[in-house]
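Chemist: Build the complex: two chains, separate frames, hints provided.
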Amino acid sequence: MYRYDEFDAAFVADRAAEFRGQVARRLSGSLTEEEFRPLRLMNGVYLQLHAYMLRVAIPYGTLSGAQMRMLAHIAEKYDRGYGHFTTRQNIQFNWPKLKDVPDILDDLASVEMHAIQTSGNCIRNTTSDPFAGVAPDEVEDPRMTAELIRQWSSLHPEFTFLGRKFKIAVTGAEEDRAAIKVHDIGIQVLKNEAGQTGYRVLVGGGLGRTPMIGKVIRNWLPKADLLPYLEACLRVYNLNGRRDNKYKARIKILVHELGIDEYKRQVEEAFARLDGETIAPDAAEVARIESYFAPPAYEALADESVLFERMKREDAAFAAWVERNVHAHRTPGYAVATISLKPVGGAPGDATAEQMRAMAEIAERHSMDELRVTHEQNVVLPNIRKDELYAVWRKLAAQGLDAANKGLVTDIIACPGLDYCNLATARSIPVAQMIAERFKDPALQQKIGPLSIKISGCINACGHHHVGHIGILGLDKAGVESYQITLGGDATETAAIGERTGPGFSFEDVTDAIETLVATYLDRRLAGETFLQCYRRIGMAEFKETLYAAA
Amino acid sequence: MPKTFSPAVMTANDLLEGDAVWWTGAAWSRDLAAAQVAETPDAVEALSAFASSAALEAQVVGPYLVDVTLASGAPFPTVRREAIRADREPTFAYAPEPLEKAA
Chain A
0 MYRYDEFDAA FVADRAAEFR GQVARRLSGS LTEEEFRPLR LMNGVYLQLH AYMLRVAIPY
60 GTLSGAQMRM LAHIAEKYDR GYGHFTTRQN IQFNWPKLKD VPDILDDLAS VEMHAIQTSG
120 NCIRNTTSDP FAGVAPDEVE DPRMTAELIR QWSSLHPEFT FLGRKFKIAV TGAEEDRAAI
180 KVHDIGIQVL KNEAGQTGYR VLVGGGLGRT PMIGKVIRNW LPKADLLPYL EACLRVYNLN
240 GRRDNKYKAR IKILVHELGI DEYKRQVEEA FARLDGETIA PDAAEVARIE SYFAPPAYEA
300 LADESVLFER MKREDAAFAA WVERNVHAHR TPGYAVATIS LKPVGGAPGD ATAEQMRAMA
360 EIAERHSMDE LRVTHEQNVV LPNIRKDELY AVWRKLAAQG LDAANKGLVT DIIACPGLDY
420 CNLATARSIP VAQMIAERFK DPALQQKIGP LSIKISGCIN ACGHHHVGHI GILGLDKAGV
480 ESYQITLGGD ATETAAIGER TGPGFSFEDV TDAIETLVAT YLDRRLAGET FLQCYRRIGM
540 AEFKETLYAA A
Chain B
75 MPKTFSPAVM TANDLLEGDA VWWTGAAWSR DLAAAQVAET PDAVEALSAF ASSAALEAQV
135 VGPYLVDVTL ASGAPFPTVR REAIRADREP TFAYAPEPLE KAA
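Line by line, the protein sequences are chains A and B. Taking the working numbering, the leading residue of the first sequence gets 0, the next gets one more, and so forth. Taking the working numbering, the leading residue of the second sequence gets 75, the next gets one more, and so forth.
In short, the hints are calculated from the structure, not lab data. Please note: incorrect hints may appear among the correct ones.
Partial selection, computed: residues in chain B whose CB lies under 10 Å from chain A [said to hold, decoys possible]:
#	residue
1	Glu91
2	Gly92
3	Glu131
4	Thr165
5	Tyr168
6	Ala169
7	Glu171
8	Leu173
Treat the numbers as computed from the prediction; the structure is a model and nothing was measured. For every residue, glycine included, the Cβ atom is placed at its ideal position computed from N, Cα and C.
Only chain B is shown next, with the shape it has when bound in the complex (with noise of 0.2 Å):
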């Protein structure tokens, strides 16, 4: 059975820092709500051939695209691995200095 289109963002880790990022479509962001959403099958494969081009190795490690529901409205990640991604931390308490996240 084919596999169900389903949306996708591109995601990677910022070569400096580490931290998970987004592509909105101009630029990196650390808050995957700011991500450019490929909604269709050409607009997945141009982002997924965007995300092997190697000038972006420049700014980030590893891009890859990841399915996203937008069922509500925002993208949300189909898997758990990309959901803890998205939320920058993990799931419980864990650090004297957590990440200072904006409101």
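Excised from the complex, chain A in its bound form (with noise of 0.2 Å):
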């Protein structure tokens, strides 16, 4: 893992200690609320409906056992007892006193944690795979580039005050599983014929109100090149983006409005002229990262694990889980597990106190002290000998944390909706929870196969409805909530925007709804096609006919 050196300590330190003073001067009234309000958001506090929220930055998803703790003992002391994993890689905690925060901010720098660039118009966390480093399909273990991206985003001057936020995101891997085509610039690296590493590169993804798919800008840029190619795409937005409407000042409208040539033409111009030497970072830094991203050490094992499949012929609920939950490993006798955030009954994300300390205790004796947080709001232990999976899997149960739903119906992506945000239009929680309730059943669960819902409760789009296989959108449609569905989204490397059925649904009614088209999926279906496959082979016709016949 990657680990501060010097700079990045007294960083976060000052950061913090800054903080301290700008909350003591907004409480003495020498700052007034619209002075002070930028300075919070730049520390990740919000103000939502009920209480201050902060959200702390888990750059590129990854965490160490003591940062996981230090999480617990957060959201015990100065929260009600647990945080909220978000759909960017983030914690949020729903609780804090704003007089608390400055202390909060201390304990993060103490573990090497921050809410730097989880606010604001700024370039955001840089979001990854969270297989990243362990995963068979990867090039290059993406979180060098976006540790690279973090220390030449942080601070920079030039990127403080863009029209508006900014998220990149990088993979390694061809499988996407950090969603890079839905941000405003996505990375994928790769190896061109001659065997060297480089990058594709993405632009003007994004969702909110305005969803779009990312453009290739290019197919390939060399290594070397990153830092300044990224400094000549956020220049030429930072001086052509739109700032006279807040909802049209994302990358995604200027290259929509200019076109990718043209667009890319000015990059490509300024880019030239840019002084890359003096961008790029030095071969010596760049070894540093490297270094600490190097693969821990693995014991040399046999890939099958006797233990192990003895394991999953004996227990049935831990075959199940190890068939939706566990991922291959690039390491012969290792494995990959998801801890999924989404047992029927809790809200998509969320994890008390108690659980994170018994993911933190995992992580330290079983997954060489790492754990990744996903996009898709779940934990991820990267390093599992095969043969200790069990124990593993008895641990998590324990804390309620064995939920064999990874990618199944009930692995429901949702914002945190109109029970706590101050945008929502609509509540998002509970609809997951009803719909998960609907489809608790665990064979039914199989029996439906991969399907992704996701639920946002405004047009914003936290929850990522758009790249849902079935999105949902809540609006308010004068008083009352309404849910607009749309079908046929994806994230991953097929990227897609879902399609609208048609008129809303009441709270009452969008469970029911939801069944409709699992129904109408079933029915249709050939042997082995997904729903996803299903949409894209029959279309929207007829589930719209099923799901409106009633109406």
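Modeler: Here it is, written out as structure tokens:
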């Protein structure tokens, strides 16, 4: 894992001290709320319906056991005993008091964490593949690139006051688990025919009220050119992106209005004028970063574990969990496990302090002290010996963390919605809970197979509804919650924006609507066909017909 | 069509703690039932002017007026968002250590 150098440590400590001073000045009256608001947002402090909210950065979703323990400590000491993992691989605390936030930031700094770049119109926390470093299909660990971007973007003087927020995601694999096509900039690490490592760069993707799939600006970018090229991309956006209308200020609108060819022409021109060598990191710094992401000391193991195979045969519940939540590891004898934070009856992405401590303990003992947060609001144990998987599963089960539903209908992504959020127009989490309850039978979930339902409580789309196989968008229609449904969305390398079925459904009726859609799929699917494949084959018409037949 | 008149209360979030609070006429309360209700257009206008006064900044963040109905005797918000705020918690079981409400 990346470790802070003196600069990083001083930077984070200084920011915490600076914010302590800013809070004191707000409380003494020397800063007005209007003056204070942008300062608190720069430190991840929002004001929601019931309370302040603190969003803590988890750079590229990687956490150590000690860091997870600190999150548990914060949840218990300053909050109501839990935290909420978000769709951007961060964690939010929903009940901190402003007077306590400086102490929380100090606690975070003590384990090399902070809340910087989690809000405001800056380059946000760079996200990545939760299987980074362990995926069999990976060209290179994308977190090295993500960390380079973090160092370049934190405090970048030219890009601290962009027209709007700016989100970058990096994957190092062909299978896209980082949703790079729906980010302002998406980066894929790849190899060319000569065997060199470089990047494919996409721009102008995004969700929100104008969802767009990113467009390729460079199919090949030499590795050393990354930061200068990003600088050129950002510069063209910063100079030419709209600032007259907040809803048209994201880079996707600029790329859309200019066209990718013209945007690319301007970027290439800016890139040619840049003094790349002054922007690109020096080789020693790159080597320092790379050394932190060197693979841990794996043991030489046989790929097959006798104990693991036996426990799968003897314990059907374990076998079911393995089937859904355990993934291949690039190293023989090891596996990757997803801890589902989607138990039926829970709030998607929430974990209690006790559960966080259990995950930390398991990571320390069984996963080489590493955890990952996923944009699907789950947690990953990346380095488990296959012969320890059964013991890990038992420990997870003792904490209610053993839901065997990764990628299934109950693995629902949901934003906080109107239960917490100032921007929301409808509730999300209770809708997720109703749907999960309806489909709670494990046999039914298995029968349905891979199906991603994503729910947003407003047009800003934090729940990524546009890229759910089934997307649900909660709106307010004359004081009544109304849920619009989209079908066919996809956040992966075959990314697509979902298509609206038609009129929305009430809070009371939306679960029935989802059940009708699933029934239509089960009725119409060919052998082995997933929901998304079936939708792509038969299209909207039949789904729409059954969905609105009763209406 | 002109908006039908609705009684209103003033709400905000507590500066130090972030809690939703309502103006009682003399202080900020965490209980909507204790709120001062402006029951006439003139009273609503006066409360609205008060909500934008800078003096409130020392105690709360973002004061604004909320329409309420008095149908049940006590003020109750006419929109769901404000009803959820008035309840001071999400609408589902959410925390190991939920808010302790006075009986």
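Chemist: Now, for every hint given, state plainly whether the structure supports it.
Modeler: Right, here's what the structure says about each hint:
{"no.": "1", "hint": "Glu91", "in the structure": "5 Å, holds"}
{"no.": "2", "hint": "Gly92", "in the structure": "4 Å, holds"}
{"no.": "3", "hint": "Glu131", "in the structure": "6 Å, holds"}
{"no.": "4", "hint": "Thr165", "in the structure": "6 Å, holds"}
{"no.": "5", "hint": "Tyr168", "in the structure": "6 Å, holds"}
{"no.": "6", "hint": "Ala169", "in the structure": "4 Å, holds"}
{"no.": "7", "hint": "Glu171", "in the structure": "4 Å, holds"}
{"no.": "8", "hint": "Leu173", "in the structure": "8 Å, holds"}
Checked against the numbered hints above, the structure violates none of them.
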